[in-house]
Amino acid sequence: MSLRETLSAARLSRQAQRAARGDREAFRQLYRVLHPVVWGYVSRRITAQADVEDLVSRTFTRVVEHLPRFDPQRGNIRAWTTSIARNAVIDHLRAQRGRGGEAEALEWLADAALDPARALEADERNAELRALLSGYPPLVREMFSLRFGDGLRVREIAEILEMSEAAVKQRFARTLRELRGKLGVDAETKGAAGYAI
Amino acid sequence: MRSDLEPRLRGLYREPLAGQQAHLAAGEDELLAALAPAARERAAAAGSGGRGSGWPRLPRFALGALLGVAVAVGACVMPVEYPVSLGHGLEITIAADRFDQLDPEAIAAHLSESLDPERLEIRVERVRRELAAEDGTVRTSDDVRLELFVLGEDIDPALVLDDLRREFPLLAEAELADVPLSGTVHGTFGGALSHRFLDLTIDRHGVEEAERRLLDELVAQGLPREHTKVDITDEQGPDGRRRVEVRVEAEQ
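Residue numbers (the working numbering), protein chains in the order written: chain E, 1 to 197; chain Y, 1 to 252.
No wet-lab data here; the hints were simulated from the structure. Mixed in with the good hints, there may be bad ones.
[To be verified] Pairwise CB distance ranges, derived in the manner of DEER restraints:
| no. | chain 1 | residue 1 | chain 2 | residue 2 | range |
| --- | --- | --- | --- | --- | --- |
| 1 | Y | Ala106 | E | Thr47 | 46 to 52 Å |
| 2 | E | Val33 | Y | Pro169 | 28 to 34 Å |
| 3 | Y | Ala22 | E | Ser134 | 31 to 37 Å |
| 4 | Y | Arg139 | E | Gln170 | 39 to 45 Å |
| 5 | Y | Pro169 | E | Asp91 | 49 to 55 Å |
| 6 | E | Arg28 | Y | Glu217 | 47 to 53 Å |
[Claimed, not checked] In silico negatives: residues of chain E with every beta carbon more than 10 Å from chain Y:
| no. | residue |
| --- | --- |
| 7 | Gly40 |
| 8 | Arg74 |
| 9 | Asp91 |
| 10 | Leu93 |
| 11 | Ala95 |
| 12 | Ala105 |
| 13 | Trp108 |
| 14 | Asp115 |
| 15 | Arg125 |
| 16 | Gly149 |
| 17 | Asp150 |
| 18 | Arg174 |
Computed from a predicted model, the values in this text were never measured in an experiment. All C-beta atoms, glycine included, are put in the ideal place defined by N, C-alpha and C.
Only chain E is shown next, with the shape it has when bound in the complex:
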């Protein structure tokens, strides 16, 4: 992580702590940084604008309520807030689809960010990639959507999915290696099994 990112994360944590004590300016700054993150997360998974607006508002209401529970030692505020948004989206999906179980909700969530318009495109290569991805468990598919859809970092993904950072890195490395192999990526590239973010 670069210094700028480190400082930015540390600054956001301090703002969160000040906001938890009622500091309006700290909250305003925090909100302006986090709103695009939450909006992006929710609107990639939920299509109706009114639902998106409602879920984003609900997420921030919970952020205000639970801010004192945020512990900078245990994670960063972006991941913490995204986790709240994720729970709101899970609740919404379960309510919409007849209160399925947790496993069912996670199954929906794993593919919710995939763009259906792209599935209709006559791009065989993307169709193949999409089909290959669909063969992986929901957890891996969600990891991919958080990384490649939302642009989150490995550490943040680990926090959101309550996994260790090493486990997330390992799953990414292994899955990318497998995908490259199955897609017939040339040998030179296939050898690059590592995955650094």
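Following the hints, put chain Y in place on chain E, whose structure we already have.
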């Protein structure tokens, strides 16, 4: 060569819907209105004696003389080894004739803004070195040494030094070094517990309060109050070094 797999993966996912800015603006006032009552309710629920609630804010930085902190821990119940970190010392050495172009206060202000440290101190020192050449002549070298002491959370000295080089191009020709104010203490159980208090409590509340808090912690850890004694001394030596000594004696 890198595969195009990752861009292709990115291309599988949706773009966010439009309308983010409008929603942000619409919700801001309402959330701010909810913030103060929520904080008040929490404060009321927590009572008025919440730890840290009344701590005065330290000045962001102060020009002062402080070279380092030494720690010694006295006897206690169980011997242990533990690392202590008391902040970071950053040392910048630059030729004296370039010093006029260096602005220590600007550096302090930048670090204060970017790191928001609990404490930041600066010491400027002019150093004249006499170097003897083989032919017997003596050449003098004048340098200015800028010493920074930074105390705060999440401070990575290597990144800070890189940042300083970027922000202050003059420092490209300076020597920048991290002088960690830390090490392993071969101490005791009481000392291991006490080191957490050294960084801030003494500065904020004074020695007596630090002693009282440390004693409370030790008692909370199971030591008998009547047989536990905490003694802290905080002295500034003639060489400018600060020495904090924490002595804990206890019987179980």
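Status of each hint after checking the structure:
Ala106 (chain Y) and Thr47 (chain E) have their C-beta atoms about 51 Å apart, which keeps the hinted 46 to 52 Å range intact. Roughly 29 Å separates the CB atoms of Val33 (chain E) and Pro169 (chain Y), a value that falls within the hinted 28 to 34 Å. For Ala22 (chain Y) and Ser134 (chain E), the hinted distance range of 31 to 37 Å is satisfied, since their beta carbons lie about 35 Å from each other. Roughly 58 Å separates the CB atoms of Arg139 (chain Y) and Gln170 (chain E), a value that falls outside the hinted 39 to 45 Å.
At about 52 Å, the beta-carbon gap between Pro169 (chain Y) and Asp91 (chain E) stays in the expected band of 49 to 55 Å. For Arg28 (chain E) paired with Glu217 (chain Y), a C-beta distance near 37 Å fails the hint of 47 to 53 Å. Not every beta carbon of chain Y lies more than 10 Å from that of Gly40 (chain E), the smallest distance being close to 4 Å; the non-interface claim is violated. Every C-beta of chain Y lies more than 10 Å from that of Arg74 (chain E), the closest at about 13 Å, which supports listing it as non-interface.
Annotated as non-interface, Asp91 (chain E) keeps its C-beta farther than 10 Å from every C-beta of chain Y; the closest such distance is 19 Å. For Leu93 (chain E), the requirement that its beta carbon stay farther than 10 Å from each beta carbon of chain Y is met, with the minimum near 15 Å. With a least CB separation of 20 Å from chain Y, Ala95 (chain E) remains clear of the 10 Å interface cut-off, as annotated. Even its closest Cβ contact with chain Y, about 19 Å, leaves Ala105 (chain E) beyond 10 Å, as expected for a residue assigned away from the interface.
The beta carbon of Trp108 (chain E) sits about 15 Å from the closest Cβ of chain Y, which is more than 10 Å, so the claim that it is off the interface holds. Not every C-beta of chain Y lies more than 10 Å from that of Asp115 (chain E), the closest at about 4 Å, which undercuts listing it as non-interface. Chain Y draws Arg125 (chain E) into its interface by the beta-carbon criterion, the shortest separation being 7 Å against a cut-off of 10 Å. Look at Gly149 (chain E): its CB is around 3 Å from the nearest CB on chain Y, not clear of 10 Å, so calling it non-interface is violated.
Some Cβ of chain Y comes within 10 Å of the Cβ of Asp150 (chain E); the nearest lies about 8 Å off, and the non-interface call is violated. Taking the minimum C-beta to C-beta distance to chain Y, about 14 Å, the non-interface status of Arg174 (chain E) holds against the 10 Å cut.
Hint check: violations occur at hints 4, 6, 7, 14, 15, 16, 17; the rest are consistent with the structure.
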